[in-house]
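Listed below, chain by chain, are the residues.
Number of protein chains: 2
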Amino acid sequence: MTLSMTENEITLAIIQSLKDGKKSIFLDIIEELQPYDIAQQYLHIPSKHRNKFLLYLPLEELTEFIQEIEREDQLLVLEKLGIEKSTKVLDLMENDNLATLLTDLEPEKIEELLSEMNQAESQVVQNLMTYEPETAGRIMNNRYVWIPKHYTVREAVDKLKHFAELAEYLNYLYVIDDEKKLIGVISYKDLLLSELLDKIEDIMYSRVVKVDVHTDQEEVAKLISRYDFITLPVIEEDGRLVGVITVDDIIDVVIQEANEDIEKLSASGKSIDFTTKPFVAAYRRLPWLVLLLFIGLVSGSIIDRFSATLEQVVALAFFMPMIAGMTGNTGTQSLAVVVRGLVSNDLDIKQVIKLVFRELWVGIIIGVTCAVMIALIAFVWQGNIVLGLVVGSSLLITLIIGTLAGTIIPLILYKFNIDPAVASGPLITTINDILSLLIYFGIATMFITKLM
Amino acid sequence: MTLSMTENEITLAIIQSLKDGKKSIFLDIIEELQPYDIAQQYLHIPSKHRNKFLLYLPLEELTEFIQEIEREDQLLVLEKLGIEKSTKVLDLMENDNLATLLTDLEPEKIEELLSEMNQAESQVVQNLMTYEPETAGRIMNNRYVWIPKHYTVREAVDKLKHFAELAEYLNYLYVIDDEKKLIGVISYKDLLLSELLDKIEDIMYSRVVKVDVHTDQEEVAKLISRYDFITLPVIEEDGRLVGVITVDDIIDVVIQEANEDIEKLSASGKSIDFTTKPFVAAYRRLPWLVLLLFIGLVSGSIIDRFSATLEQVVALAFFMPMIAGMTGNTGTQSLAVVVRGLVSNDLDIKQVIKLVFRELWVGIIIGVTCAVMIALIAFVWQGNIVLGLVVGSSLLITLIIGTLAGTIIPLILYKFNIDPAVASGPLITTINDILSLLIYFGIATMFITKLM
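These protein sequence lines are chains A and B, in that order. Just so you know, the first sequence maps onto residues 1 to 452 in the UniProt record's numbering. Just so you know, the second sequence maps onto residues 1 to 452 in the UniProt record's numbering.
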């Protein structure tokens with residue numbers, strides 16, 4: 001029935017059905033909606049109708065729906081549901097999502113939520129939560145199908161059918177030995193294309209691409225995007241299969257990691273989104289700004305030190321912002337290239353050296369180009385050839401150094417397993433500010449007599 | 001056999017097998033490798049062995065392998081293969097990958113490659129290439145299974161088995177009417193869980209989430225990550241099903257779009273990676289830098305205009321870099337928050353207003369905090385209370401304006417369907433530089449008598 005309806009029409013129909021207490025109509029509408037859409041509808045209807053909305057929603061849809069909304073909303077919904085119904089929901093929830101939901105809740109709250117849950121389920125979740133955030137162990141789930149190696153294709157297919165409900169994706173079956181060690185994988189496609197009596201052992205693919213529970217989620221994302229997998233198996237140190245990571249979670253990881261890079265490149269502070277409250281946002285942004293304020297003062301004190309030079313040739317001040325700005329810009333450019341490159345490449349020393357020399361060349365080319373331009377401009381503008389040469393040569397040197405700084409600093413951080421994006425844009429910019437002022441005024445002071 | 005071997009051992013084994021001309025051994029090794037790994041091996045072995053490597057590689061593996069390497073390498077390999085074999089490969093290639101390969105080749109080259117190909121195949125590819133880059137039509141492929149609505153579950157399963165080879169993922173079957181219009185979808189899971197004699201029409205899901213061929217790939221990524229789909233159907237204006245977009249391609253899209261945002265936020269120039277040649281990289285980075293150089297000179301001319309003020313109170317120069325820098329930093333922070341937020345949110349006017357006021361508050365909070373700090377520092381450092389007040393009040397105003405500029409400029413661009421990230425970090429920074437200098441010296445000039 002919803003087929004031809006727009007989102008708004010659906011919203012109205014839902015509200016109507018809730019007002020009239022027509023559960024059957026409500027269910028007809030819901031049935032045709034994706035969990036994400038159901039979540040959107042819930043958030044769009046007036047809050048006075050939400051309790052009934054939750055009351056009418058069948059347990060399964062309720063569970064899928066709750067996994068589509070923000071964490072804060074999830075907690076509100078669970079409150080509304082009451083302990084008994086919410087326990088049922090938690091039992092059905094994918095345990096990676098449940099683990100995320102529980103993260104950073106007060107222990108008592110977690111206790112309360114888990115206590116009522118199905119013992120096995122809550123055990124699984126508690127295990128998940130023992131892994132570091134942003135590792136494979138934390139984002140894996142247990143909705144996969146495993147088969148013992150002695151199975152035939154027929155047995156495998158039967159088990160698959162039997163577990164179809166449970167498994168998130170049916171694309172791969174994982175083959176384990178008697179100690180539940182992962183020894184092979186077979187795609188559902190291969191099953192379809194083999195004889196029913198073939199032994200799994202003989203047709204399975206035994207060089208399995210897998211990750212350890214402690215693998216960083218960024219590494220996992222790299223593997224999944226390289227191999228175009230739908231799911232990637234996760235094993236314990238002893239090789240036991242303990243879960244799978246699904247591609248849908250990996251897309252979220254990729255977006256999250258990209259956002260973190262941008263956050264750091266722009267020093268915009270941890271996870272500020274459109275709904276963050278002003279005070280929280282300001283609080284998260286301030287530390288960076290205060291740090292940069294003090295580094296900025298260092299530039300000031302440099303100018304202070306050279307105030308003699310500056311007072312003699314005030315014209316020097318005209319080019320200060322340009323030189324400092326340009327050095328910062330080229331540094332940020334190099335930084336971005338490095339941070340971006342590391343998303344899909346692993347670097348060995350040979351490539352590092354190649355990269356640094358590449359950037360050196362870039363710095364030289366950029367430097368010469370801009371230096372010549374500015375030297376001419378300075379000369380024409382101020383009618384002082386020496387000034388032109390001072391400004392030009394300063395810009396040449398600062399651009400080369402700035403480019404290298406933007407390349408080498410993040411690479412060093414990477415070498416020491418620190419996220420290179422920590423060398424945030426503004427930080428590099430400010431460091432380059434300081435370098436450029438020292439060089440600029442240094443050169444100017446050398447030629448001060450000729451400048452006047 | 002490769003099970004226990006490291007990558008390097010495998011490389012050595014491959015080289016050995018090629019040297020000895022032991023094709024069977026070579027194939028045993030290859031068989032256990034993923035296409036991506038085969039590609040890595042090809043790139044790692046000395047180039048003198050590559051011809052034999054290609055010669056030994058069976059057509060199917062060859063095709064999968066070629067889709068894993070960079071475009072330049074792909075063209076080299078096709079050269080080596082010769083027209084006849086490469087045509088066979090092109091026939092087998094996924095046509096979205098083929099389209100990408102052919103993009104920006106000289107027409108004659110495309111002609112040559114397509115001419116020998118299977119007529120139908122080459123037709124499909126040429127159609128793909130008529131769509132705008134970065135749209136659904138361009139990244140879709142035709143490796144999906146469709147069924148007419150009158151099919152029973154049994155017929156559907158049979159067709160699925162029959163097309164298992166062809167389809168990239170078997171998760172969904174798409175249901176079409178007599179005009180090939182997309183009218184429903186059914187997941188393979190649902191098939192497994194239904195009766196063999198059920199009619200597809202009765203059990204299919206008819207509110208299909210689909211995209212139009214012209215949809216922007218970023219929009220497609222949003223949908224796939226919201227709904228956790230493996231494939232998303234693509235339709236023509238008339239509703240005909242013409243292809244599917246697969247999640248593995250979407251991961252690449254997400255990474256690419258994130259990189260583009262970072263490129264623009266840092267003005268680091270279009271697609272520069274670790275392998276880009278210095279001159280190319282410099283050439284791509286220079287336009288921005290030159291633009292920013294001239295904008296930087298504007299700051300210079302502002303200082304020029306206020307040189308009288310500056311000469312009277314040189315101390316003003318000390319705080320110039322800090323004020324300009326801080327304004328730039330807060331602007332970049334706001335910019336990043338907006339650009340990042342737009343990745344997963346669609347904004348309506350209500351939210352825009354909310355967001356702008358949020359940022360206004362952030363600006364005020366940040367401004368007051370930093371202004372008080374710097375006022376005290378300036379007073380203590382220079383022992384001049386008026387200077388402290390001038391610097392402090394300037395910073396307060398510039399931080400508020402800078403924050404708003406970083407928010408409003410990208411939002412306006414977004415409103416006019418220009419990618420908000422175009423308002424690149426350095427651009428915002430430089431604009432804020434100029435604003436801050438005007439405000440700073442403006443205020444200083446007002447109080448010049450008291451400053452001296």
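Honestly, the hints are just simulated from the structure, not real lab data. A couple of the hints might just be wrong.
Heads up, the list lumps identical chains together, so a pair's fine if it works in one copy or across two of them.
Derived lysine to aspartate or glutamate pairs resembling DMTMM-like cross-links, with alpha carbons at most 20 Å apart [to be verified]:
| no. | residue 1 | residue 2 |
| --- | --- | --- |
| 1 | Lys180 | Asp348 |
| 2 | Lys159 | Asp190 |
| 3 | Lys149 | Glu32 |
| 4 | Lys354 | Asp216 |
| 5 | Lys189 | Glu311 |
| 6 | Lys354 | Asp273 |
| 7 | Lys277 | Glu9 |
| 8 | Lys189 | Glu155 |
| 9 | Lys222 | Asp248 |
| 10 | Lys80 | Glu116 |
| 11 | Lys85 | Glu9 |
| 12 | Lys210 | Glu31 |
| 13 | Lys52 | Glu132 |
| 14 | Lys88 | Glu64 |
| 15 | Lys450 | Asp37 |
| 16 | Lys19 | Glu237 |
| 17 | Lys350 | Asp273 |
| 18 | Lys277 | Glu70 |
| 19 | Lys189 | Glu32 |
| 20 | Lys277 | Glu31 |
| 21 | Lys161 | Glu195 |
| 22 | Lys210 | Asp20 |
| 23 | Lys222 | Asp252 |
| 24 | Lys189 | Glu168 |
| 25 | Lys189 | Glu165 |
| 26 | Lys181 | Glu94 |
| 27 | Lys354 | Glu112 |
| 28 | Lys189 | Asp273 |
| 29 | Lys80 | Asp228 |
| 30 | Lys52 | Glu237 |
Model, not experiment: these values are computed from the prediction.
Do the hints match the structure? See the list:
| no. | hint | in the structure |
| --- | --- | --- |
| 1 | Lys180 <-> Asp348 | neither (36 Å within a copy, 51 Å between copies) |
| 2 | Lys159 <-> Asp190 | both (15 Å within a copy, 16 Å between copies) |
| 3 | Lys149 <-> Glu32 | between (40 Å within a copy, 18 Å between copies) |
| 4 | Lys354 <-> Asp216 | neither (27 Å within a copy, 36 Å between copies) |
| 5 | Lys189 <-> Glu311 | neither (79 Å within a copy, 79 Å between copies) |
| 6 | Lys354 <-> Asp273 | between (38 Å within a copy, 12 Å between copies) |
| 7 | Lys277 <-> Glu9 | neither (32 Å within a copy, 55 Å between copies) |
| 8 | Lys189 <-> Glu155 | both (15 Å within a copy, 17 Å between copies) |
| 9 | Lys222 <-> Asp248 | both (14 Å within a copy, 12 Å between copies) |
| 10 | Lys80 <-> Glu116 | within (17 Å within a copy, 66 Å between copies) |
| 11 | Lys85 <-> Glu9 | neither (30 Å within a copy, 56 Å between copies) |
| 12 | Lys210 <-> Glu31 | between (37 Å within a copy, 18 Å between copies) |
| 13 | Lys52 <-> Glu132 | neither (38 Å within a copy, 46 Å between copies) |
| 14 | Lys88 <-> Glu64 | within (12 Å within a copy, 45 Å between copies) |
| 15 | Lys450 <-> Asp37 | neither (73 Å within a copy, 64 Å between copies) |
| 16 | Lys19 <-> Glu237 | neither (56 Å within a copy, 38 Å between copies) |
| 17 | Lys350 <-> Asp273 | between (40 Å within a copy, 16 Å between copies) |
| 18 | Lys277 <-> Glu70 | within (15 Å within a copy, 45 Å between copies) |
| 19 | Lys189 <-> Glu32 | between (29 Å within a copy, 17 Å between copies) |
| 20 | Lys277 <-> Glu31 | neither (36 Å within a copy, 55 Å between copies) |
| 21 | Lys161 <-> Glu195 | both (17 Å within a copy, 12 Å between copies) |
| 22 | Lys210 <-> Asp20 | neither (53 Å within a copy, 32 Å between copies) |
| 23 | Lys222 <-> Asp252 | both (13 Å within a copy, 10 Å between copies) |
| 24 | Lys189 <-> Glu168 | both (16 Å within a copy, 9 Å between copies) |
| 25 | Lys189 <-> Glu165 | both (18 Å within a copy, 7 Å between copies) |
| 26 | Lys181 <-> Glu94 | neither (23 Å within a copy, 35 Å between copies) |
| 27 | Lys354 <-> Glu112 | neither (56 Å within a copy, 36 Å between copies) |
| 28 | Lys189 <-> Asp273 | neither (41 Å within a copy, 36 Å between copies) |
| 29 | Lys80 <-> Asp228 | neither (41 Å within a copy, 27 Å between copies) |
| 30 | Lys52 <-> Glu237 | neither (48 Å within a copy, 39 Å between copies) |
Violated hints for the displayed structure, listed by number in ascending order: 1, 4, 5, 7, 11, 13, 15, 16, 20, 22, 26, 27, 28, 29, 30.
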